[in-house]
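Guided by the hints, dock chain B onto chain A, whose structure is given.
2 protein chains.
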Amino acid sequence: MLRVPNHQVAGHRAGDGKLGPLVDDSGLFYKPLQSDDRGSKEVFFYTSFSSNTNIPNHIRRFFPTFHGTQLIEASDGSGKQPHLVLQDIFSGHLNPSIVDIKIGSRTWNPQASEDYIQKCFMKDTERSSLALGFRIDGLQIYESEGSGFWKPDRKLIHKYTAEDVRLVLRRFVSSNSSAGVDPDCTFASIVYGGSGGILAQLLELKEWFEHQTIFHFYSCSVLMVCEKESVMKKMSSGAEVKLVDFAHVVEGKGIIDHNFLGGLCSLIKFISEILTCSDVHTAKASLQDPRKNYIYTNCDTDK
Amino acid sequence: MLRVPNHQVAGHRAGDGKLGPLVDDSGLFYKPLQSDDRGSKEVFFYTSFSSNTNIPNHIRRFFPTFHGTQLIEASDGSGKQPHLVLQDIFSGHLNPSIVDIKIGSRTWNPQASEDYIQKCFMKDTERSSLALGFRIDGLQIYESEGSGFWKPDRKLIHKYTAEDVRLVLRRFVSSNSSAGVDPDCTFASIVYGGSGGILAQLLELKEWFEHQTIFHFYSCSVLMVCEKESVMKKMSSGAEVKLVDFAHVVEGKGIIDHNFLGGLCSLIKFISEILTCSDVHTAKASLQDPRKNYIYTNCDTDK
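Residue numbers (our numbering), protein chains in the order written: chain A, 2 to 304; chain B, 2 to 304.
With the rest of the complex left out, here is chain A (with noise of 0.2 angstroms):
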């Protein structure tokens, strides 16, 4: 049985008739082939990719599963087309707060054609991509079972500045995440900080992407995911990092993912700060009160 995601964040979307991903129950993404050269370039890179030996392991987990191609019936009722089916990403999760980081400075490799390069360039110039290495390109971050999610409308994320960007991603590890309030970053130190952490997994792609010349990952997203309520719980805080949309992927030649790497470093400063800052406000609480276990403050007051 093939239904609409629950959990989609950026990207076309199915249901109403139109074209967009799928997925099953037992775990499976059903991602239609774009019509164009990049639903083939998509195929090639995971078929290249899986079948590459030089991947290492601790760096294949960061990428969904792929199971092949498969002709299924499309979300927009255009009968039986070519899907790419991909793990579920979000399958285990219940309310997992997402947010989709299209990384580098440049979305457009050096070959590609002059128009399509005119236009990727006048998007990452009005977004915050040339300036950041990085833009958000989709979000939902859980609240509470009452409120449900906040997800953004997009065109309120496209006009997202440096500011915009550093609260959503203080908004993503905090408590009282409803707009208007100081974002209280009291599941940093679970979410981004510790060996499992957010922070963690992206100094190991940091570390593959200073030597990997195989690739160049341009319009690539990285996806940050963690659970909220798990973390309340104090279950796992379910905090992990995927790589997804590889329609733009191209061969390295022997040189490494310059554009990417530098994007990749901005992004893990950004999150090095948010965690620098909920940890000193660990420290100072603790002070106060040792029986504080969360920041009620935030690190922004001090500055």
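The set of hints was computed from the structure by calculation and includes no laboratory data.
Mixed in with the good hints, there may be bad ones.
Given that identical chains are not distinguished, each listed pair holds provided it fits within a single copy or across any two copies.
Straight line, CA to CA, 20 angstroms or less: simulated SDA-like cross-link-like pairs of lysine to any residue [what the hints assert, rightly or not]:
(1) LYS270 <-> TRP209
(2) LYS270 <-> GLU205
(3) LYS152 <-> GLN141
(4) LYS270 <-> GLU211
(5) LYS254 <-> ALA163
(6) LYS207 <-> CYS278
(7) LYS270 <-> ASN55
(8) LYS235 <-> SER196
(9) LYS19 <-> ARG39
(10) LYS19 <-> SER190
(11) LYS254 <-> CYS278
(12) LYS234 <-> HIS94
(13) LYS235 <-> GLY69
(14) LYS152 <-> VAL182
None of these values were measured; they are calculated from a predicted model.
What follows is chain B alone, placed relative to chain A:
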């Protein structure tokens, strides 16, 4: 007594009534202020960098010492003109081999004028900046007392591909650095390797660039310097890394310089590869003939 520098591989050159930098015998380098806002920007950079207490000393050594500005007789006979007074990086050197590498896939900052961006964009695409994250902007490599320096024409340098860049970086550390010969990378382990070598220095810079959000260094160069004759006489290799040209530096505003960092990591990868490659050969050579100190084969022949 001011004179035209002996060792200059890029930028405007003095002499023949042209405006360019001058040096004196006390180890100072006088750089004329460029008449548009580039001159004032470079003064601003040096002033602000010198007085910034957040720059660690181990990073400060990668920058030429700044001695203020001074009105001196310009090299083009236009009378007294303002000059930056800087440390003459090559004053202690006899026959320095030098490679000037402009770092970053972009040499323009996003706030520059549209015309300027367009001009730089074209140049970055034509030359290797976009592909490699850096480009060689000038070089001189010492060959021998008889043949002096290999100093290819700028027009040739402008056409360098990834393979040409690799070759230059190998010739820079080779004892047989004349054209048509496969570079032997004899000095790689001494000049690039070791705790005081160029790779270690670049890695130190990289670590700083992963955190620093004070400046963005557009169109800035890394100079790599060494003295082959000293290496042969078992003296210090004089292996040095210096950053120069700050006319396009802008404030970082809390964001890391992902453009510079990405390009720097790409250069580091090129140099690591030469080093790994020549290590293999040193090991091989010593296995075959324990008396051999030098590497006579080159890495490519094994691929």
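At most 20 angstroms between CA atoms: does that hold for LYS234 and HIS94 within a copy, between copies, both, or neither? within (15 angstroms within a copy, 66 angstroms between copies)
With identical chains treated as interchangeable, where does the CA-CA distance between LYS270 and GLU211 reach 20 angstroms or less: within a copy, between copies, both, or neither? both (16 angstroms within a copy, 7 angstroms between copies)
Go through the copies and call it for LYS235 and GLY69: within, between, both or neither, with a Cα cutoff of 20 angstroms. So LYS235 and GLY69 fail the 20 angstroms test inside a copy (37 angstroms) and across (59 angstroms) alike.
My question is about LYS207 and CYS278: at a cut-off of 20 angstroms on alpha-carbon distance, are they close within one copy, between copies, both, or neither? neither (22 angstroms within a copy, 23 angstroms between copies)
Classify it for me, LYS152 with GLN141: is the Cα-Cα distance of at most 20 angstroms met within a copy, between copies, both or neither? within (4 angstroms within a copy, 57 angstroms between copies)
What label fits LYS270 with TRP209 when the C-alpha limit is 20 angstroms: within, between, both, or neither? both (17 angstroms within a copy, 12 angstroms between copies)
Is the C-alpha distance from LYS235 to SER196 at most 20 angstroms within one copy, between copies, in both cases, or in neither? within (16 angstroms within a copy, 45 angstroms between copies)
Cα distance capped at 20 angstroms. Does LYS254 pair with ALA163 within a copy, between copies, both, or neither? Between copies only: 10 angstroms across chains, 33 angstroms inside a chain, cut-off 20 angstroms.
Have a look at LYS254 and CYS278 and pick one of within, between, both or neither, based on CA distance no larger than 20 angstroms. Answer is between: at 18 angstroms across copies they meet the 20 angstroms cutoff, but 40 angstroms inside does not.
Checking LYS19 and SER190: alpha-carbon separation at most 20 angstroms within a copy, between copies, both or neither? neither (40 angstroms within a copy, 60 angstroms between copies)
Is the C-alpha distance from LYS152 to VAL182 at most 20 angstroms within one copy, between copies, in both cases, or in neither? within (16 angstroms within a copy, 62 angstroms between copies)
Tell me, please, which holds for LYS19 and ARG39 at an alpha-carbon limit of 20 angstroms: within, between, both or neither? within (18 angstroms within a copy, 53 angstroms between copies)
Hint compliance for this structure: hints 6, 10 and 13 are not met, and every other hint is.
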